[in-house]
Every structure is written in structure tokens, then in C-alpha cells.
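Enquirer: Spelled out, the chains give:
Number of protein chains: 2
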Amino acid sequence: MKNLLVAQSGGPTAAINATVAGVIMSAFTSGKVDNVWGAVNGIKGVLEERFVDLREKITGTVDLDTLCQTPAAALGSCRFKLKDPAVDPSQYEEIIRIFRKNEIAYFIYVGGNDSMDTVDKLAAFCAKNGIDDIKVIGAPKTVDNDLVGTDHCPGFGSAAKYIATTFAELERDCNVYDTKAVTIVEVMGRNAGWLTAASALARNNGAKGPNLIYLCEPAFSLDQFVADVRKQLETNDSVVVAISEGIKDANGVYISESVQSGAVDNFGHSYIAGSARVLEDVVRNQIGCKVRSIELNLMQRCAAHVASATDIQESKMLGLTACQLALDGQSGLMAAVERISSAPYQVQFKGIPVCEVSNKEKKVPADFINAEGNDVTDKMIEYLSPLIQGENQVVYENGIPKHIALY
Amino acid sequence: MKNLLVAQSGGPTAAINATVAGVIMSAFTSGKVDNVWGAVNGIKGVLEERFVDLREKITGTVDLDTLCQTPAAALGSCRFKLKDPAVDPSQYEEIIRIFRKNEIAYFIYVGGNDSMDTVDKLAAFCAKNGIDDIKVIGAPKTVDNDLVGTDHCPGFGSAAKYIATTFAELERDCNVYDTKAVTIVEVMGRNAGWLTAASALARNNGAKGPNLIYLCEPAFSLDQFVADVRKQLETNDSVVVAISEGIKDANGVYISESVQSGAVDNFGHSYIAGSARVLEDVVRNQIGCKVRSIELNLMQRCAAHVASATDIQESKMLGLTACQLALDGQSGLMAAVERISSAPYQVQFKGIPVCEVSNKEKKVPADFINAEGNDVTDKMIEYLSPLIQGENQVVYENGIPKHIALY
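Going down the list, the protein sequences come from chains D and V. Those letters in the first sequence? Residues 47 to 453, by the working numbering. Those letters in the second sequence? Residues 47 to 453, by the working numbering.
These aren't lab readings, by the way, just hints derived from the structure by calculation. A hint or two may mislead.
Note that identical chains are pooled: a pair holds if it fits in a single copy or bridges any two copies.
Claimed, not checked - Once the Cα atoms are required to be at most 25 Å apart in a straight line, the calculated BS3-like pairs of lysine-lysine come out as: (1) 127 <-> 406; (2) 409 <-> 425; (3) 425 <-> 406; (4) 254 <-> 129; (5) 336 <-> 254.
Build out the structure end to end from the sequences listed, making use of the hints.
Expert: If you want it as C-alpha cells, here you go:
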């Protein structure tokens with residue numbers, strides 16, 4: 047018997063379930079896999095042997111489609127880092143024992159940086175110990191788009207589409223009055239500004255889009271920010287600003303911490319506000335006009351109702367690729383997207399050594415940001431635009447999108 | 047010559063432009079109207095004679111459809127209350143002068159409470175002064191759903207659909223880990239809890255939905271809140287709480303103010319956080335588990351990409367009704383929706399005296415809220431459910447929804 051186990055890990059996205067759907071499609075149709083199981087709550091659930099039978103849960107194409115439009119991790123997730131096998135190999139031995147007991151020949155792990163670290167360590171442990179009856183393959187996922195080795199990450203395109211759509215809508219909303227007002231919108235990303243950059247796509251149909259865009263890569267200057275906003279207010283009633291949650295000053299200190307670390311409430315408890323909230327007060331105190339801050343918060347990563355069809359299809363393809371790599375006897379690889387061209391948009395799917403991916407971070411290159419550090423360049427737009435194309439045809443039931451639960 | 051002028055006022059919604067589309071459809075097809083103008087920035091734009099020619103801006107059904115999927119007020123808005131005509135009639139005289147100069151026989155004003163006050167005063171001024179060549183009609187709009195005299199308000203159904211969809215997605219997102227966590231989501235509504243109640247519709251397809259729902263009508267007890275959350279945590283890993291921005295204690299003081307009025311930052315400036323942010327700290331300090339607060343902010347009123355088809359269609363019908371009432375020679379009325387039955391959902395459109403509407407507020411009735419004050423009843427669900435049915439078929443271009451600008 048050769049069984050397959052798939053699991054998910056890290057922060058949820060709108061597309062991670064499509065990757066599981068791809069794994070299932072490949073496993074169900076390969077003729078090479080007996081049981082197809084999902085581990086609940088990632089590698090933690092593997093160690094606790096909490097498995098669900100996916101042949102029972104997914105009985106047809108309608109279930110598969112519903113899985114693809116369900117946000118977050120349908121198999122649950124975890125934040126769990128395996129120990130260094132050189133120090134303590136017991137977790138790895140336990141995983142192998144559980145795999146062998148359940149005749150699991152293929153393990154597909156879908157996740158971000160930490161999950162690829164797990165794939166890397168587990169595959170290396172197998173290789174080192176001559177375990178060649180178990181194949182371990184990773185599939186990428188992260189809204190932050192910060193994985194190296196792949197042109198972009200599943201989940202990012204849908205989050206980018208949500209952000210572009212939301213900025214376009216906010217622009218309409220913020221422009222209705224003929225009085226001066228500043229709206230500061232905080233987008234996810236502590237170390238990489240990709241998601242914040244997606245706000246620029248709100249300009250795709252000729253609208254003005256955000257007046258100013260600050261990613262977290264360049265050093266952020268409060269004085270420059272105030273000067274930039276003042277300048278925009280000279281010619282605009284409404285000024286919309288996109289900022290990364292992780293904007294930092296020249297010393298690498300988060301703006302939210304540098305401005306606000308002494309804030310306390312009635313009970314003496316300290317308040318840590320987001321960077322948009324902090325900048326809201328800066329504008330209020332230094333410029334004095336109407337100002338509002340908005341956090342796109344969890345909505346940007348789970349808004350599956352406005353998912354990018356390109357993202358969902360590619361996520362599925364990466365699941366198919368990951369499963370195929372395992373069935374072909376490969377191990378220690380991550381399925382990845384390689385861009386052939388942007389116009390026309392063309393990609394291919396492949397496996398790359400996961401050791402080249404784990405514990406690295408892909409930041410926004412300098413030439414994707416303008417010289418003033420307050421907008422993105424055409425290179426960024428060329429990179430981002432294909433990723434939000436197409437609308438996933440979401441099925442609604444009783445007025446809300448239909449979701450599927452796997453456990 | 048008989049010309050028609052339409053204008054919008056108050057806070058933006060996803061449906062207010064559909065009402066303008068309805069007015070335009072009726073005016074263009076009536077054979078009774080020469081020029082069809084829109085005033086920019088509401089009654090303020092009327093006084094400043096800032097008109098756009100809608101026959102130029104809307105040249106076909108594609109434009110009309112695009113207008114219906116454009117959020118916020120395409121003609122701009124204002125927050126402008128006319129003076130009491132008994133004290134100072136000059137603004138009214140000026141409006142009439144401008145109307146006569148431009149041969150405007152019909153004035154349709156789309157908005158909420160304040161806008162209906164304007165319609166009421168202007169129509170009364172005309173009636174009192176024997177001005178019968180100018181007809182003034184209101185059309186309702188408000189995400190808050192707090193207008194009396196109409197079963198519900200355009201814009202509310204789309205905001206409710208966004209809220210139900212978002213809570214369903216957040217529930218998936220918040221449930222991926224097997225650790226205890228509380229998520230507090232703040233929904234618009236300072237005096238009426240309708241929008242917060244819509245979070246319950248996230249349960250429409252069998253999901254758990256928010257564990258607790260606090261509207262702003264009943265007095266909010268911090269102790270009860272903490273006890274409720276503790277109890278939910280006994281049986282759930284993830285506890286999602288919906289609260290109105292306007293929750294108040296038994297003395298009518300906003301919770302955000304009562305808990306937090308002493309908070310200051312490094313510079314001694316005071317922080318006023320939202321009610322969810324305040325409760326986040328209460329949970330952190332008194333319960334100690336992982337906790338996060340989310341504000342749905344402007345997104346809930348401008349997310350036209352997930353608009354309710356029922357809402358958009360009804361909003362259009364109210365525009366048609368308002369225009370027809372004016373063309374029929376009526377004045378001082380507001381177009382309204384009357385519900386005939388909930389199952390099957392059936393409504394009719396009519397005109398009601400605007401004096402019965404202005405300066406009143408429709409709160410959530412006591413029997414729509416459960417005895418514990420932490421959820422809604424079946425009566426609320428029966429009322430809300432029909433309003434989010436159907437998906438407006440939004441046209442996308444370059445990956446984002448297509449919008450139209452009228453000025």
C-alpha cells in the first residue's frame with residue numbers, strides 16, 4: 047500500500063486550499079496512491095496522528111471547486127518548528143515511525159518559510175538515514191510573497207486583487223466630499239512590501255489610486271512623510287496613503303514603536319498601535335486636517351470571494367506539480383512557478399531544491415520603488431499586473447459564499 | 047423647458063449610485079424631462095450651481111450598469127444642513143432662484159436623515175410660498191438602516207452582505223490553529239445595531255458564525271462581556287465577537303470613552319481607540335489569551351464588488367419611484383420600500399411624507415435581540431436574510447471592478 051499525506055502550515059491565505067485541491071486531483075487520478083489523507087494542524091497533527099480521509103471528504107468536482115473557494119487552511123495550520131535533528135532527532139524518528147505505520151510513501155507540505163524549513167529538515171533526515179521509501183515535497187504559500195526560488199507565491203495574487211479592489215473602492219469613498227482629508231491604509235508586510243505595492247493596481251483603469259505608497263524596504267522618514275502629504279494636499283482634497291505595517295526608520299526601528307512606545311491607558315497598560323494609527327496622529331497633530339486610519343487586517347488574506355482566478359489556478363497547478371514530483375520519486379523539492387514572460391503572461395511549473403528556499407526572504411528590489419521612496423515603478427506594475435487577472439467564479443448559497451470544512 | 051436635477055448627500059454606500067441610475071432611467075424614458083443634471087456635492091453644489099449634464103455622462107446601458115457597480119456617491123456628497131427657514135429663508139430663496147433660472151422643475155435628493163431634513167424643509171418652503179412649479183422628492187440611503195418609514199434602506203443590504211461574507215471568511219481564518227484566541231470585530235453603527243446584526247448571516251450555510259454579537263441598543267456590561275468570552279473559550283479554540291462601534295454602558299457612555307479616556311502617547315496627545323480595540327485590551331488584561339481586534343471600517347460601506355443584487359435592484363427601483371413621484375406632480379415625499387412578506391420575499395415601492403422620516407431614528411427592536419443581549423433572534427434573521435440575496439454581476443477590467451466618474 048502506498049498512501050499520501052498532505053498538510054498545511056503557516057498563516058492562512060485565500061489560495062492554500064486550491065493547492066490541496068491540486069494534490070488531491072493528482073493523487074486521485076494517478077492510479078499510484080491508495081489512501082489520501084490530510085493531517086489536521088500541520089506537522090503538529092502529523093505527530094499526533096490526526097488524519098482525515100480525503101476520499102471521504104472530497105467526493106466529486108463540486109467539493110473540489112468548493113475547496114478552491116474556501117479561504118484559510120481547510121486542514122488547519124500550526125506554527126511549529128521541528129528541532130535541529132543534529133541535537134535531537136526524536137521528532138523525525140517519530141514522524142518516520144508514524145509514516146511507516148500508516149504506509150505513507152508521500153508527504154506534501156503546503157506552507158511558507160517555516161514549512162519549507164520542515165520539508166528541508168525532514169527530507170535531509172531521510173536522505174542521511176537511507177530512508178528512500180518516503181518522499182517529502184513542499185508547495186509554496188504566503189500572502190507576503192517573500193519566498194525565494196518561485197516567481198511569486200500562491201495566496202499573494204488573491205490578496206493583491208483584494209487590495210487593488212479595496213483601494214479603488216476606498217478612493218471612490220474618500221473623494222465624495224470637497225474638504226481636505228487624509229486616509230492612511232495599512233497593508234500587511236513586516237519585512238517585504240509586495241502587498242502594499244499592490245495598492246498601485248487600483249490605478250489600472252485610469253483612476254488616481256493611492257497618492258502615496260510607502261513600502262517597508264526603504265527607511266521611512268516622518269518628516270518626509272509629512273512633507274509628502276502636505277504637498278499632495280495642495281492639489282487634492284482627498285489624499286489616500288498606502289503603508290506597509292513594517293515601515294521602519296533609518297535605524298531599523300518600527301515607526302509604530304519609535305513614536306508610540308510610551309502610550310498607556312487609564313490602567314497604566316501600554317498601547318501598541320499599528321503604523322497607520324500612529325501616522326494618523328502625526329497628521330492630526332502636525333497638519334491638522336481630517337484624517338482616518340484603516341487596517342486591512344485579516345480580510346486581505348482571507349477574502350476568497352474576490353480571489354484572483356490566476357492565483358487559484360496556479361495554486362492548483364502547484365499542488366499537481368508537488369504531488370507529481372513525489373510520485374516520480376523525488377524528495378526535498380518545492381514546487382515553484384517560473385515566469386517566462388509578463389506580456390503575454392506565461393509561466394511554467396517545476397521543482398527546486400527546498401534547501402535553496404527555506405529561511406530566506408525575498409524583499410522588493412530597489413528598482414521596483416521610485417527614487418523618492420513614496421511610490422512604485424513601472425517594473426513593479428509589470429510584475430504585479432498578471433497576478434490579479436481573472437475572477438474566481440465563486441458559488442454563493444443563501445447570500446454568502448459556500449465553504450467546505452474538512453475536519 | 048422642464049429640467050430635472052438629482053443630487054446625493056451623506057455617507058457613501060455601495061448602492062446610492064444605483065438610485066441615481068434609477069432616476070436617470072425614469073427621466074430619460076419619461077418623455078417629460080428635457081435636461082437631466084446632477085448637482086456635485088449635494089445641496090452645497092446646488093447653491094454653487096455646480097451641475098453636470100447626465101445625458102452627456104451616461105450615454106447607454108453599459109454606463110448605467112457601470113454606475114450601479116460604482117461605490118460611493120458618483121455625484122459627490124456633502125454634510126450640509128440648511129438653516130431654519132423661519133429664522134433665515136435666504137438659502138431657500140437662493141435655491142429657488144437657481145432652480146427657476148435653470149428651469150428645474152424636479153429635484154430628487156438621495157440621502158439619509160439629514161438629506162431628508164433638507165427635502166422636508168425645501169418642500170415645505172415651496173408649499174408655504176405657493177411655489178408649485180418645483181417638485182422636491184427624496185430617495186432613502188444609509189448603510190446604518192436607521193431611517194423610519196421604509197422597511198430598509200438602500201446600501202444596507204450590500205453592507206450586510208459584505209459583513210456576512212467577511213465574518214464567514216474570518217471564521218475560517220481564525221479557526222486554523224488549535225490554540226485559544228479571541229477576535230473582536232467592530233462594525234459600523236453608533237446608535238443602531240442593524241449592521242452588527244448582519245454578522246449572524248455568516249451562519250447561513252451551517253457554520254458557527256460569531257460566537258457573540260453585541261449591538262449598541264442594550265446597555266453593554268464589561269463584566270458580562272468578559273464572562274461571556276470566558277464561557278465561549280471553555281468549548282471553543284477560536285472565539286469571534288461582533289460588536290457595534292457604538293456600544294454604551296448603562297449610563298449611555300460609549301465603552302471606548304469610559305475605558306480609555308486617559309490614554310496618552312509619548313507626546314502627551316490623547317488616543318481615542320475604537321470599541322473593539324478597547325475590548326481587545328480588556329481581554330488581554332483580564333483573560334490573557336491571544337486576542338486581536340479588527341475594524342471593518344469604510345470597507346463595509348463601499349465594497350461594491352460584493353454588493354447584494356437585491357439591494358442594487360431595489361435601490362434602482364427607489365430611484366425610479368422617486369422620479370415618477372416628481373413627474374406625477376408630487377412633492378415632499380420620500381420613496382420607500384414596504385415589505386409584503388419575508389418568505390417568499392415580496393416588497394412594494396411607494397411614496398411617504400418625508401416629514402414622517404426626517405430627524406427620526408429606527409433602532410433595533412428588543413425582540414430582535416436575545417435575552418442575554420449577546421446575540422440576535424430568529425426574527426432578526428427573518429428580517430435580514432432576504433436583503434443579502436443575489437450577487438450583483440460586477441464587470442472587472444484589468445483585474446479590478448470597473449467604476450465610472452461623473453465629475
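Enquirer: What are the numbers of the hints that this structure violates, sorted from low to high?
Expert: Structure breaks hint 4 only.
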